[in-house]
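Residues per chain, in single letters:
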Amino acid sequence: MHDGWEYVVAAYAITGVTLGAWFVAILRKLARQKREQR
Amino acid sequence: MQPVFAPRTSRARVSPRLAAVLALVLVPLTVVLAFVWAPINEIGLVGSGEMQYDFAQKIFYIHVPVALAAYLCFAAGAWNGVLFLLKEREDYDVRSYCGVHSGMVFGTLVLLTGSIWAKASWGVWWQWGDRQLLVFLTLYLFYGAYYVLRFSIDPGRARNRASAVYAVLGVALVPLSFLAIRIADTLIHPIVITADGSNLPGTVWAVFGIGVVGFCALAVWMLQLEAAGKLRAMRGWCADEERPAGIEGGDGPAPAAEVPAHA
Numbered sequence: 046m047h048d049g050w051e052y053v054v055a056a057y058a059i060t061g062v063t064l065g066a067w068f069v070a071i072l073r074k075l076a077r078q079k080r081e082q083r
Numbered sequence: 007m008q009p010v011f012a013p014r015t016s017r018a019r020v021s022p023r024l025a026a027v028l029a030l031v032l033v034p035l036t037v038v039l040a041f042v043w044a045p046i047n048e049i050g051l052v053g054s055g056e057m058q059y060d061f062a063q064k065i066f067y068i069h070v071p072v073a074l075a076a077y078l079c080f081a082a083g084a085w086n087g088v089l090f091l092l093k094e095r096e097d098y099d100v101r102s103y104c105g106v107h108s109g110m111v112f113g114t115l116v117l118l119t120g121s122i123w124a125k126a127s128w129g130v131w132w133q134w135g136d137r138q139l140l141v142f143l144t145l146y147l148f149y150g151a152y153y154v155l156r157f158s159i160d161p162g163r164a165r166n167r168a169s170a171v172y173a174v175l176g177v178a179l180v181p182l183s184f185l186a187i188r189i190a191d192t193l194i195h196p197i198v199i200t201a202d203g204s205n206l207p208g209t210v211w212a213v214f215g216i217g218v219v220g221f222c223a224l225a226v227w228m229l230q231l232e233a234a235g236k237l238r239a240m241r242g243w244c245a246d247e248e249r250p251a252g253i254e255g256g257d258g259p260a261p262a263a264e265v266p267a268h269a
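Residue numbers (our numbering), protein chains in the order written: chain B, 46 to 83; chain W, 7 to 269.
Just so you know, these hints were derived from the structure itself, not from any lab.
One thing to keep in mind: the hints can contain errors.
A partial selection of chain B residues facing chain W, derived with a Cβ cut-off under 8 Å [unchecked claim]:
id	residue
1	48
2	49
3	50
4	52
5	53
6	55
7	56
8	57
9	59
10	62
11	63
12	67
13	74
14	78
Covered stretches of chain W, going by a simulated chain B footprint (3 or more residues, C-beta under 8 Å) [as the list claims (entries may be wrong)]:
id	segment
15	63 to 76
16	224 to 238
Dumping the calculated EDC-like pairs for lysine to aspartate or glutamate here, alpha-carbon to alpha-carbon at most 16 Å [unchecked claim]:
id	chain 1	residue 1	chain 2	residue 2
17	W	125	B	48
18	W	125	W	136
19	W	125	W	60
20	W	125	B	51
These numbers were taken from a predicted model, which means no experiment stands behind them.
Glycine residues also receive a C-beta, built at the ideal position from the N, C-alpha and C atoms.
Model the full structure from these sequences, guided by the hints.
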């Protein structure tokens with residue numbers, strides 16, 4: 046294992062979790078709006 | 007009817023489906039290529055005689071594209087702010103707000119990934135002597151204050167105009183941030199692209215380029231998703247579909263009472 050691997054994992058994980066959570070939150074809101082519209 | 011993941015609002019200039027496809031393909035591809043194809047810089051022999059590699063440089067492939075995506079969002083916020091000031095249409099105000107909001111999310115990631123990379127490479131979480139960091143932090147805090155301004159004014163024309171002017175003023179910091187590392191005295195922050203061209207090896211440049219396109223497409227997609235959700239909440243009907251009978255053109259400003267407090 047290379048030196049500093051834990052920093053790399055942390056950076057990628059934070060980016061992935063943040064963007065993923067944001068994306069899911071927006072998508073859920075849009076899906077709810079679509080359901081309510083019907 | 008548009009799919010939930012790719013709503014087309016009336017003023018979207020980039021197809022949300024194209025942005026979605028580019029983001030969903032290129033962002034994961036960037037991550038894979040960063041680890042399996044891009045080279046690892048050799049630092050040299052360490053005390054024990056072992057070769058040491060700069061593995062933390064892998065953070066570069068998300069840190070810089072995410073920064074460029076943040077700049078793109080702030081620029082979109084400013085551009086829609088200009089359009090709002092010229093045309094006074096409510097949807098431009100919503101798009102301007104969504105641009106700033108998306109830029110803040112990407113900006114937070116820039117600061118977090120940059121700080122982690124700094125700790126791994128420089129041994130410190132933050133370097134106050136680096137102008138690039140300070141200018142980006144100023145840009146970030148400036149747009150953070152956008153929320154304070156926007157939500158301290160009652161919904162309506164005055165709030166929309168003040169928000170638009172603020173979003174336009176802030177974008178002046180974007181080119182300053184880009185130039186800061188080139189005019190800085192302290193050159194601890196690496197410069198990727200110089201006046202002489204790129205100082206990146208070909209494979210690094212390729213993965214970086216894919217990352218830039220992927221994250222910028224992701225920013226455009228997220229901005230459009232945000233705007234579609236807020237426009238629908240504001241108007242009470244689907245912005246990308248036929249307007250119900252009795253509701254007149256959605257391009258005009260909506261009554262202030264219809265604007266939700268969170269928009």
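Cross-check of the supplied hints:
1. 48: At 6 Å from the nearest chain W Cβ, residue 48 (chain B) passes the 8 Å test, so the hint holds.
2. 49: holds, 4 Å
3. 50: holds, 6 Å
4. 52: holds, 4 Å
5. 53: holds, 5 Å
6. 55: holds, 5 Å
7. 56: holds, 4 Å
8. 57: holds, 6 Å
9. 59: Interface hint status for residue 59 (chain B): holds (5 Å vs cutoff 8 Å).
10. 62: violated, 10 Å
11. 63: holds, 6 Å
12. 67: holds, 6 Å
13. 74: This hint holds: residue 74 (chain B) lies near chain W, its Cβ roughly 5 Å from the closest one there, short of 8 Å.
14. 78: Check passed: Cβ of residue 78 (chain B) comes within 5 Å of chain W, closer than 8 Å.
15. 63 to 76: As far as the segment 63 to 76 of chain W goes, the hint holds, because 5 residues have Cβ atoms under 8 Å from chain B.
16. 224 to 238: That given contact holds, which follows from 7 residues of the segment 224 to 238 of chain W lying within Cβ reach (below 8 Å) of chain B.
17. W:125 <-> B:48: OK: residue 125 (chain W) and residue 48 (chain B) at ~12 Å, within 16 Å.
18. W:125 <-> W:136: holds, 14 Å
19. W:125 <-> W:60: Cα-Cα ~13 Å, so holds.
20. W:125 <-> B:51: holds, 11 Å
Comparing the model with each numbered hint stated earlier shows that hint 10 is the single one that does not hold.
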